[in-house]
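Those sequence lines, one after another, are chains C and S.
Residue numbers for the first sequence follow my numbering, beginning at 67 and rising by one.
Residue numbers for the second sequence follow my numbering, beginning at 15 and rising by one.
Since the hints were made in silico from the structure, they are not lab data.
Every value quoted in this text rests on a predicted model; they were computed, and no experiment measured them.
Hints should not be assumed to be uniformly reliable.
[To be verified] Reference excerpt, derived from the structure (chain C facing chain S, CB under 10 angstroms, subset only):
#, residue
1, MET76
2, TYR102
3, SER107
4, PRO110
5, ASN164
For glycine and all other residues, C-beta sits at the position ideal for the given N, C-alpha and C.
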Amino acid sequence: DAKTTQPTSMDCAEGRAANLPCNHSTISGNEYVYWYRQIHSQGPQYIIHGLKNNETNEMASLIITEDRKSSTLILPHATLRDTAVYYCIVRVASWANNLFFGTGTRLTVIP
Amino acid sequence: GAVVSQHPSRVICKSGTSVKIECRSLDFQATTMFWYRQFPKKSLMLMATSNEGSKATYEQGVEKDKFLINHASLTLSTLTVTSAHPEDSSFYICSVWSGESEQFFGPGTRLTVL
Chain C
67 DAKTTQPTSM
77 DCAEGRAANL
87 PCNHSTISGN
97 EYVYWYRQIH
107 SQGPQYIIHG
117 LKNNETNEMA
127 SLIITEDRKS
137 STLILPHATL
147 RDTAVYYCIV
157 RVASWANNLF
167 FGTGTRLTVI
177 P
Chain S
15 GAVVSQHPSR
25 VICKSGTSVK
35 IECRSLDFQA
45 TTMFWYRQFP
55 KKSLMLMATS
65 NEGSKATYEQ
75 GVEKDKFLIN
85 HASLTLSTLT
95 VTSAHPEDSS
105 FYICSVWSGE
115 SEQFFGPGTR
125 LTVL
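Make a model of the complete structure from these sequences and hints.
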């Protein structure tokens, strides 16, 4: 069962920030929020993950609400190469656990 | 992060033949690897968990005798699709946990069964 809800698709203008929302209202206290993306015909690529604090790395920022029931992935300056399906996943950060992929959000960056 | 390779990247085979797909963790010793399958325009579905030195754990509905998994070393897991049929045509992807709560995926293998 997917524990997350994401919009099916979104468009973003090249150079603008892409804000991808995710609802995870049933998240448990020990579950992290992970984001991956999959460019067409490639394996998924890890983007970022967090527990309750906002996180930032060279790819993106992750904003998690205080109640942890939702989060937003922010790509600060979207490029055409960011066009992909973005998956928001919640899971316990244990090496033995696999990831459950829902349907994700198909982000299209428009020139 | 961990670097994961798969070979071959694409394979076309005749119905009834067997196909072996290799997944290598190039810079990390992985006791556990995962195998996923993805049909066109669908999401990834976990097929099995590959455990080094022991039997793989298969998800419900995945035939263990058809999808043979061998995890003989800490850097190599293989998936063999036996007696392949056109309905087995799919994108097969493996993954490895880095040991630091991040899972890294291979580039995938596209199997087409004629």
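Hint by hint, here is what the structure shows:
A cut of 10 angstroms between beta carbons decides the hint on MET76/C: the least distance to chain S is about 17 angstroms, and the hint is violated. The beta carbon of TYR102/C is positioned within 10 angstroms of a beta carbon in chain S (closest approach about 8 angstroms), and the interface hint is therefore held. With a least beta-carbon distance of about 7 angstroms to chain S, the hint placing SER107/C at the interface is held under the 10 angstroms criterion. About 5 angstroms separates the beta-carbon of PRO110/C from the nearest beta-carbon of chain S, less than 10 angstroms, and the hint is met.
Satisfaction of the interface hint for ASN164/C is found here, the shortest Cβ-Cβ separation to chain S being roughly 5 angstroms, below the 10 angstroms cut-off.
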